[in-house]
Amino acid sequence: MRSLLRALGALGLLATALVVSAQPASGTYPIEDGLAATVIGTPADYKADLPEDLDFEVRSLEPLVERDTPPTLRYARPLQYLRVTQDEPAPLAFVIAGTGASALSSKCVMLSRALYDVGYSVACLPSPTSVTFMLGAAEHPVPGRMRTDVADLYRLMGAVRDDLDEQTQVTGYALTGWSLGATQAAFIARHDARVGTFGFSKVLLLNPAVNIWASVQRMDALLAENLDGGIDGIPAFVARGLGGLKQLYASGDPLRFNEDFLYRAYTSQSPDRADIAAIIGLAFRLSLANMAFGADVITRADVIVPRDEELGPYDSLDPYIQRSFKTSFAAYIDRLLVPYWNRDGRHVPRERLIAEADLRAIREFIVDNPDIGVFTSADDPILSDDEIDFLRDSFGERARIRARGGHMGNLSSQNTVRALQDFFSP
Amino acid sequence: MIAMTRFGCMHARQRGALILVLTLLLGACASTPPPRTVDESTPDDVPVTATTANPLAINDPWEGFNRRVYRFNALADRYALMPVVQVYRTVTPGFARTGVQNFFSNLGEINTFANSVLQIKPASSAVTLSRFVVNSTVGLAGLFDPATALGLEQRNEDLGQTLGHYGVGAGPYLVLPFFGPSSLRDSVGLAGDQAFFYVLDPLQFDEHPWARVPYWPLYVINKRDTVNFRYYQTGSPFEYTLVRLVYMNYRALQVEE
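Heads up: the protein sequence lines correspond to chains A and B, in order.
If you use this note's numbering, the first sequence corresponds to residues 1 to 426, in order.
If you use this note's numbering, the second sequence corresponds to residues 427 to 683, in order.
Note that these hints are calculated values from the structure, not bench results.
This structure is a prediction, so every number in the text was calculated from the model and none was measured.
Ideal Cβ positions, reconstructed from N, Cα and C, are used throughout, including at glycine.
Just to be clear, a hint being listed does not mean it is correct.
Straight-line alpha carbon distances no greater than 30 Å define the calculated DSBU-like cross-link-like pairs of lysine-lysine that follow [as the list claims (entries may be wrong)]:
1. B/LYS547 / B/LYS649
2. B/LYS547 / A/LYS246
3. A/LYS246 / B/LYS649
Here are some chain A residues the structure puts well away from chain B; computed CB gaps all over 10 Å [stated by the list, open to error]:
4. GLY100
5. ARG155
6. GLY294
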């Protein structure tokens with residue numbers, strides 16, 4: 001790891017050199033394919049310039065729920081969020097992370113810098129689908145039911161507000177989130193409009209899912225249709241990837257692991273679209289495997305780890321990794337989520353779980369609320385054309401839907417960040 | 427998926443680990459006959475599921491020990507190292523930290539050069555030597571890095587890679603206290619590299635023993651400051667296995683490079 005990290009460290013220098021030598025880019029996000037954009041992100045020339053030296057704090061909260069931590073999950077303790085505060089009185093923006101992401105995610109950092117730059121204090125919260133949230137903040141530790149996930153998030157936001165230093169003066173609240181976190185932000189905003197705790201002045205959804213279940217099924221399909229041999233095909237796929245890298249540096253391109261390297265590799269190798277689709281499916285499946293394993297162990301659901309197995313803190317997880325990765329989203333719903341909501345006196349039918357997690361359920365709130373906006377891309381692979389149309393129709397002028405960008409591929413581009421900062425400017 | 431306080435200085439590095447994984451996978455895109463493994467010493471009749479490309483086939487007989495050290499490292503990082511780095515970042519302006527980083531990076535060129543020579547790699551040796559000369563002079567004893575701006579990209583060689591270059595297999599995966607993920611071969615290499623530095627004594631600690639007082643703490647703090655990795659940032663219960671997969675394959679790639 002030392003040299004791996006040294007190599008990664010060298011990227012800082014490389015980036016400096018690139019910034020020095022870079023011509024100002026013409027602006028429009030360059031990657032034409034939505035799947036490729038999702039994987040590659042924003043090449044350096046197109047990235048927004050944001051303040052570097054912010055005093056970020058990783059804050060730890062006392063758990064919001066009483067729960068014993070299974071030894072194998074104790075790494076995910078304590079409940080952490082990321083915070084940066086203004087010295088002057090300022091509004092506080094909450095950022096809700098996307099599927100599986102913790103508050104230490106790089107997107108949290110990027111969005112915090114963008115919002116801090118236009119005068120906000122920022123608190124980035126882990127997704128309810130992250131193990132740290134499931135352990136420390138979730139009343140129901142099998143994520144996926146919109147109503148309860150949102151209630152848990154709302155409670156966490158209250159705890160974050162109470163955690164502010166005495167000298168931090170908050171003049172108001174704003175809210176954003178990406179991906180699943182964006183969809184949740186919309187539901188939180190509606191809840192808050194009724195309860196009135198925060199009174200968000202602005203709410204921005206970044207690449208939301210419209211219907212959670214439809215979107216995750218698309219991610220599942222990307223994997224099923226593009227990874228030969230399914231999960232068992234991972235070794236062959238990784239081997240092929242390694243072989244590809246060997247060829248790249250054999251052709252004289254030194255190995256550098258940043259977005260520009262990816263972008264150059266993409267433009268010079270014209271990769272197979274199916275492989276890119278498989279990568280997205282795999283990245284998503286990793287988040288899902290984490291969540292499924294966590295939910296199974298916490299609730300002793302007996303789906304992945306046998307109920308009578310006491311996993312110690314240092315036990316190998318090898319026997320369960322494969323089973324976790326083979327849990328598709330459909331399997332997660334049928335074997336973990338629905339059973340959880342139909343035992344111990346709970347009776348929530350499958351149909352209701354699915355119907356709850358859809359922005360269309362709160363269409364009126366969206367149409368009538370002039371302070372809620374959405375940014376997304378027409379080629380975002382988690383959305384269908386119908387869902388794009390729904391966003392366009394219900395948000396009207398408050399929808400910024402770009403032709404390119406994929407699923408958050410253009411999030412840190414100059415244009416997107418500028419639009420985001422304009423949206424949040426008073 | 428993955429590796430922070432003044433996150434600002436990480437800019438391009440912050441997505442390192444994720445991108446590494448993605449790159450491993452994206453490489454899949456390059457066409458032509460699919461090599462089955464990156465390690466050329468692997469016999470042809472070994473199925474791909476038995477190579478390091480299979481996360482569950484990596485040679486890790488000391489997993490119980492390794493997981494304990496991994497946990498120890500994570501806690502040492504959270505409660506000892508990072509708080510110190512935090513203070514360092516608060517009291518030291520950005521340009522000074524960059525200077526410190528460049529200084530240690532420049533010293534590291536000596537080791538890279540030695541190992542480039544050992545592996546008889548003329549290009550890498552020449553680039554590394556040029557970098558060292560340019561940065562040690564024009565770059566004011568390594569505080570600046572004009573060589574990169576001149577197009578001399580930093581190389582990376584160490585004794586672990588040299589051993590690998592001459593056919594020594596990685597051996598079992600091994601997590602070292604403080605240093606983190608390694609392998610039996612790379613641990614031997616690391617010890618060799620440190621011994622080389624000690625014997626060569628480029629900063630002449632022998633004559634100026636007091637120089638060790640600022641050197642070693644600053645060495646450790648700079649190392650941690652520049653490394654973009656936070657334990658448990660992946661949020662995954664399988665982080666140990668993921669790091670193991672990335673480390674072993676990344677090293678295999680470096681050996682082949």
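(request) Hey, is A/GLY294 genuinely clear of chain B, shortest beta carbon separation above 10 Å? (result) violated (6 Å)
(message) Confirm or reject: A/GLY100 is not an interface residue toward chain B, with every Cβ-Cβ distance exceeding 10 Å.
(response) Check fails; 6 Å does not lie beyond 10 Å.
(request) Compare the distance between the alpha carbons of B/LYS547 and A/LYS246 with 30 Å, and conclude whether the hinted pair is satisfied. (result) holds (17 Å)
(message) Check the hint pairing A/LYS246 with B/LYS649 against an upper bound of 30 Å on the C-alpha distance.
(response) holds (28 Å)
(request) Run the C-beta distances from A/ARG155 to all of chain B and say if the shortest one exceeds 10 Å. (result) holds (20 Å)
(request) With a cut-off of 30 Å on the C-alpha distance, tell me whether B/LYS547 and B/LYS649 pass. (result) Holds, at about 27 Å.
Violation of the numbered hints given earlier is confined to hints 4 and 6; the remaining hints are satisfied by the structure.
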